Amino acid sequence: MTIEVNDGVLTCSGTLTVEDAEVLQAQLAQLDGGAGRHADLAGCEHVHAACLQVLMAAGVRVTAWPAGSALAAWLGAALAPA
Amino acid sequence: MNAASNPLLQQFLQESRDALEGIAGSLMALERNPADSALLDDLFRVVHTLKGNCGLFDFPDMFRVIHAAEDLLSAVREGHLAYDGDMADAVLDAMDFVSLQLDEIGTGAIPDAAHGPAAVALAERLCALSGDAEASDTADGAADTAAPSAARTARMEAALALAPAGLRAGWSEALAAGEALLWIEYTPEAECFFKGEDPLYQAIQLPGVLWQRVVPAEAWPALPELDPYRCNLVFQAVSGAARAEVEEHFRYVPDQVWIDDLPAAAAAAAPQEDERLADALAIVQAQGQALWSTGDTPWVPGRLLAAVAAIRGCMTAVGRGALLAELDGCLADALARRTVAPVLAWIERHAQGAAHDEVQAAPAALPETVRAGDATAADSAALADAAPDQKFGRRAEDQGAGRILKVEQSKVDRLMNLIGEMVVARNGLPYLAARAEDHYGVRELAREIKTQHGVINRIVEEMQDAIMQVRMTPVSFVFQRFPRLVRDIARRLGKEVELVLEGEATEADKNVIEALADPLVHIVRNALDHGLETPAARAQAGKPACGRLVIGARQEADRVIIEVSDDGRGIDPAAIRRKAYGKGLIDEGALEGLSDQDSVNLVFLPGFSTAEQVSDLSGRGVGMDAVRSAVDRLGGNVSLSSTAGQGTRMQLSLPLSMAVTNVMVVESGGVQYGVPMDMVVETVRVPAASVHAIKQHRTAVLRGRIVPLRSLNELLALDRPQRHNEHDEMATLVLRVHGQDVGLVIDDFREVVEVILKPMSGILGGLDAYAGSALLGDGSVLMVINPKELLQ
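First to last, the sequence lines map onto chains A and B.
Counting from 1, one number per residue, gives the positions in the first sequence under the working numbering.
Counting from 83, one number per residue, gives the positions in the second sequence under the working numbering.
Calculated directly from the structure, the hints in this document are not laboratory data.
In this text, all values refer to a predicted model and were calculated from it rather than measured experimentally.
Keep in mind that a hint or two might mislead.
What follows is a list of derived Cβ distance ranges for each label pair [unchecked claim]:
#, chain 1, residue 1, chain 2, residue 2, range
1, B, R636, A, S13, 52 to 62 Å
2, A, E19, B, A301, 20 to 30 Å
3, B, D337, A, A70, 39 to 49 Å
4, A, A64, B, A117, 54 to 64 Å
The C-beta atom is built at its ideal place from N, Cα and C for all residues, glycine as well.
From just these sequences and the hints, can you work out the full model?
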């Protein structure tokens with residue numbers, strides 16, 4: 001997995017494991033909350049539920065969804081604005 | 083499922099066996115010290131991990147039993163129940179069951195479905211024990227059940243109202259057509275991440291999902307306050323899969339899932355609305371999504387204008403133009419602040435259609451989170467500080483995989499065999515040197531070969547030593563079974579026993595240690611059954627009620643000494659003599675002449691048993707005899723000493739390693755034989771004149787002792803007389819067999835060699851007179867004599 005911030009957009013790829021949740025939390029906390037937190041999940045193969053809830057709690061706006069259709073459907077159900 | 087082809091399963095088997103040992107140890111330690119909460123935590127953790135690992139595979143019976151055991155331990159840990167012996171029995175039985183299942187899986191079989199009832203019985207027994215604690219909980223819970231189910235139904239209806247109208251219309255058609263649709267609400271428990279569960283993965287794998295939604299169970303806290311390892315998610319889904327399939331999918335977490343038939347009413351709730359309205363709202367929502375992902379990028383104004391134009395068209399088309407004034411206000415605000423938030427808020431307020439209030443909970447919580455996030459940016463340093471601390475306590479168990487390599491035993495055995503071959507090849511070099519010198523007459527070459535032999539010799543010896551170190555196993559491998567064994571037997575016999583293990587770190591070759599297990603079990607059973615008295619009898623004899631059994635190991639030179647001693651009633655030599663006589667094992671003459679020590683050793687005679695009654699533990703008259711022959715096979719000795727009324731001490735002396743044997747090569751009847759060096763006391767040449775005949779036996783007096791002489795040719799039934807040397811002396815090996823010196827007369831002595839002793843196999847396996855055969859350096863085969871059998 002990689003988690004990095006490019007131009008204020010959190011970019012994740014590979015598999016976000018349960019251990020990555022805290023890293024993710026710290027990274028998101030550093031992003032400016034006022035401008036909205038953006039995440040590019042296009043490269044994600046799987047997102048652990050612990051990471052998902054960090055993303056949800058941070059209210060990230062997903063700019064790109066992962067390729068896996070089932071994963072994208074569930075992430076969309078969790079992270080897309082209702 | 084084949085264990086060999088699945089490395090994950092292999093690892094699971096190995097780790098689970100380790101875990102089972104740990105569990106048994108902790109249970110027993112806990113019995114002695116029930117108040118030790120650290121021990122209890124440890125035990126719980128191991129059981130918990132075992133359950134988690136088990137969940138990775140499809141072993142429902144095993145899982146059920148472990149789960150029940152975990153519940154019981156959890157109740158104890160939380161103080162609802164007091165730990166007692168019955169509980170330990172139940173958990174130990176459960177672990178035995180798991181061990182059985184592991185064995186079956188290990189042999190490549192799927193666990194037998196016939197174990198199902200046994201698993202259910204075990205789980206029920208465990209539940210019955212923990213039931214006392216839960217009974218009160220359930221009583222309270224029963225009243226509450228009605229309320230949650232109403233709340234769940236309300237949640238379902240609220241969630242369904244959010245589903246796109248097109249989908250809902252499809253569902254109601256499907257329902258009308260008699261198809262079954264399921265509503266699934268999966269609320270993982272807060273601690274699920276610690277069990278290695280990934281609820282999202284579980285959700286993704288859910289079959290037949292038509293629509294899904296993920297919401298927080300409770301509104302999200304501010305990001306820094308969020309504990310990412312407490313699951314706060316609720317997964318909701320509509321599925322077209324069969325109910326059985328969905329239940330199967332959630333079979334490990336049935337209590338966390340609510341599965342219900344999708345009610346036609348809920349599916350059809352929305353369609354009463356104007357379908358066009360629904361479509362229009364869907365478009366508005368899509369605009370919202372597009373805006374959402376735009377965020378606060380520089381092209382916000384353009385996007386906003388485009389989105390608002392689209393929304394305006396939709397709203398006008400469905401006759402909701404009244405709301406547009408508010409939208410214009412929001413747009414102006416948004417453009418001024420260059421952010422999409424005001425327009426999104428408008429969409430949220432007006433485009434949800436008939437959305438239920440509760441549904442708003444998730445989005446409503448959002449702005450709060452974002453606001454809190456502002457503060458977070460500044461506080462992120464504090465978060466970074468806090469995070470490692472949390473991590474430390476939580477993940478500690480994940481670390482500490484030592485740098486220990488687990489290797490299959492067959493690989494080590496192969497290596498040892500190869501080194502054995504190497505020893506034989508090395509032994510060939512001196513012969514080669516001798517041939518170079520004698521046959522070809524090249525002395526120089528002979529010397530160089532000898533030098534090379536020296537080098538190879540050193541390396542081979544180091545290799546031997548290294549492989550021996552690898553094979554060294556601590557005696558704790560055998561000892562660790564005793565706490566359980568002693569506890570079980572003592573409970574059954576109604577005796578109180580304190581078991582003391584000493585020198586568990588003492589090491590010996592794996593084969594020796596493994597072969598030691600059965601004899602030791604016999605000895606310990608005997609000590610418990612015959613040696614130690616009941617508490618009442620001990621009190622009468624003025625001893626503490628709790629008997630003491632010491633099993634100790636230590637190393638002495640190249641041998642390992644195992645001692646089992648108890649402070650029981652000891653062995654009464656007179657009783658032994660009477661018994662042996664009564665069974666016809668000794669004759670009247672021997673009865674008179676036996677010393678007390680010799681009498682005690684009578685228990686090693688085949689067919690001897692002192693127990694008045696045959697119990698299920700010992701007393702069938704095979705025990706000590708079996709012990710002695712097992713130890714003999716290992717090249718060891720047994721000695722027994724006892725003081726009536728004070729206790730018994732049994733000592734086993736075994737070689738550290740059995741791989742390389744030193745044998746003395748001797749010649750007899752024109753053939754070479756090997757005699758194990760560890761039995762040879764001395765080599766002497768006895769003048770034929772000093773041999774005396776006592777009855778039909780020949781004896782000689784050596785160092786003031788009378789030593790019986792036996793001729794090897796005679797023992798092997800060779801019809802040649804033993805050859806004497808030019809001074810009419812007989813070459814005699816003095817051997818110590820079962821504590822007695824015996825002179826073995828041979829033709830001549832040769833050298834001492836290191837050989838790899840191969841036991842006899844096949845038809846020859848029945849020849850007890852030989853310990854085995856070995857290959858010599860010149861390619862000839864050496865038969866190694868087993869003096870213990872030969873001289874009986």
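**OP:** State the violated hints by number, sorted upward, taking the hints as numbered earlier in the document.
**Re:** 3
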